[in-house]
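Participant: Here's the letter readout for the chains.
Number of protein chains: 2
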Amino acid sequence: MIAMNSAVFAESGRVSPEGPKLYPEFEHLGPASDFIEEIFQIIEHIPLFEDMSRQEVGYLCRYMLCYGAPRNATLLREGDEGQHLLIVLTGNIDVIKDTPKGSRSIAVAGVGSSLGEMSMIDGARRFASCIATEPTDFAVLTRTALTEIVIDHPGLGSKLLLLLLQVMTRRLRDASNLLLPYIAGDAV
Amino acid sequence: MIAMNSAVFAESGRVSPEGPKLYPEFEHLGPASDFIEEIFQIIEHIPLFEDMSRQEVGYLCRYMLCYGAPRNATLLREGDEGQHLLIVLTGNIDVIKDTPKGSRSIAVAGVGSSLGEMSMIDGARRFASCIATEPTDFAVLTRTALTEIVIDHPGLGSKLLLLLLQVMTRRLRDASNLLLPYIAGDAV
Chain A
372 MIAMNSAVFA ESGRVSPEGP KLYPEFEHLG PASDFIEEIF QIIEHIPLFE DMSRQEVGYL
432 CRYMLCYGAP RNATLLREGD EGQHLLIVLT GNIDVIKDTP KGSRSIAVAG VGSSLGEMSM
492 IDGARRFASC IATEPTDFAV LTRTALTEIV IDHPGLGSKL LLLLLQVMTR RLRDASNLLL
552 PYIAGDAV
Chain B
372 MIAMNSAVFA ESGRVSPEGP KLYPEFEHLG PASDFIEEIF QIIEHIPLFE DMSRQEVGYL
432 CRYMLCYGAP RNATLLREGD EGQHLLIVLT GNIDVIKDTP KGSRSIAVAG VGSSLGEMSM
492 IDGARRFASC IATEPTDFAV LTRTALTEIV IDHPGLGSKL LLLLLQVMTR RLRDASNLLL
552 PYIAGDAV
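From first to last, the protein sequence lines are chains A and B. For the first sequence, the working numbering assigns the number 372 to the initial residue and increments by one for each residue that follows. For the second sequence, the working numbering assigns the number 372 to the initial residue and increments by one for each residue that follows.
The hints are simulated quantities; they were obtained by calculation from the structure and are not laboratory data. Backbone N, C-alpha and C define an ideal beta-carbon position, used for all residues, glycine too. Each hint should be verified, as a subset may be incorrect.
According to the in silico footprint, chain A covers these stretches of chain B (three or more CB under 8 Å from chain A) [to be verified]:
#1 393-399
#2 437-449
#3 524-537
#4 540-554
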């Protein structure tokens, strides 16, 4: 076992405190490793960290930056390019989709939820917008950081990829079940 | 570069020719490495092998078994337990979902398609059935084999997991787009 604590993370973190400023308009809170104790407190709500040891989560947090956004801030905008996902640390998010008949709320995401995985994985444009309905802190995992994790810590990288696969599978099962009435022809 | 050919695969393959008989009722064709030349011929149609070198595909094939099924055979049955996916090598598959109003065809899968990823990933029951509409040869990747690949060849394992993530993301985007009219309220 490698001894790890917040000081170690801060010192050896992969992301610089001045790191990629994806969100220049929001408060930049620094590397996620500075928030490791807060993250441990909500870890049971974070599917992406399921069954990970504290040490493993500590390693991952060195590859993520945290931001604080005010109420009503747009964290992801439908149609934008983007290659990162968010993990909600505090607050609450409304997921909004533009339709020919106006905006529709299609989901609500709370503490521990991840958002934006699809574009992080395939690099295509955001499917929906994510709006903070409360002041919200969140951690960012970029595709570049994911690649670095896989290279630097292959075992941990595979575990994270498997957890991402589980998150995507859950979403696909949910979407498929929502489609069922239409498959059956009940609603067409 | 490691010299690789069919004889090497057969000799050092991870799956025994007598390996896990998931499909005792179908013709057992042996390890996928025995079909490497046929697989290379259709490789551009196999999203799970996208951008992989011939050597990498060769390694993966050592972890998969092939089967041949007659027309009308059920390759995956809705509601069954199962922790493996299929890659269609020849033939054609109809994907069928039971609904309160009877069976509905929800997709068709041809050469190179993969099927059954959701249960392979989450271990939950099959969402739909897959029926061969022509005599069909297919390769099987079990969850156990995937785990072995990740352990034995971490770099290759990560690449395969990323490709699986891309396949799942494409499915989720497709399902989400199908849901759009219902989100908009056009169809309810």
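Participant: Look at each hint and say if it fits the structure.
Facilitator: Going through the hints against the structure:
{"no.": "1", "hint": "393-399", "result": "violated (count 0)"}
{"no.": "2", "hint": "437-449", "result": "violated (count 0)"}
{"no.": "3", "hint": "524-537", "result": "holds (count 9)"}
{"no.": "4", "hint": "540-554", "result": "holds (count 12)"}
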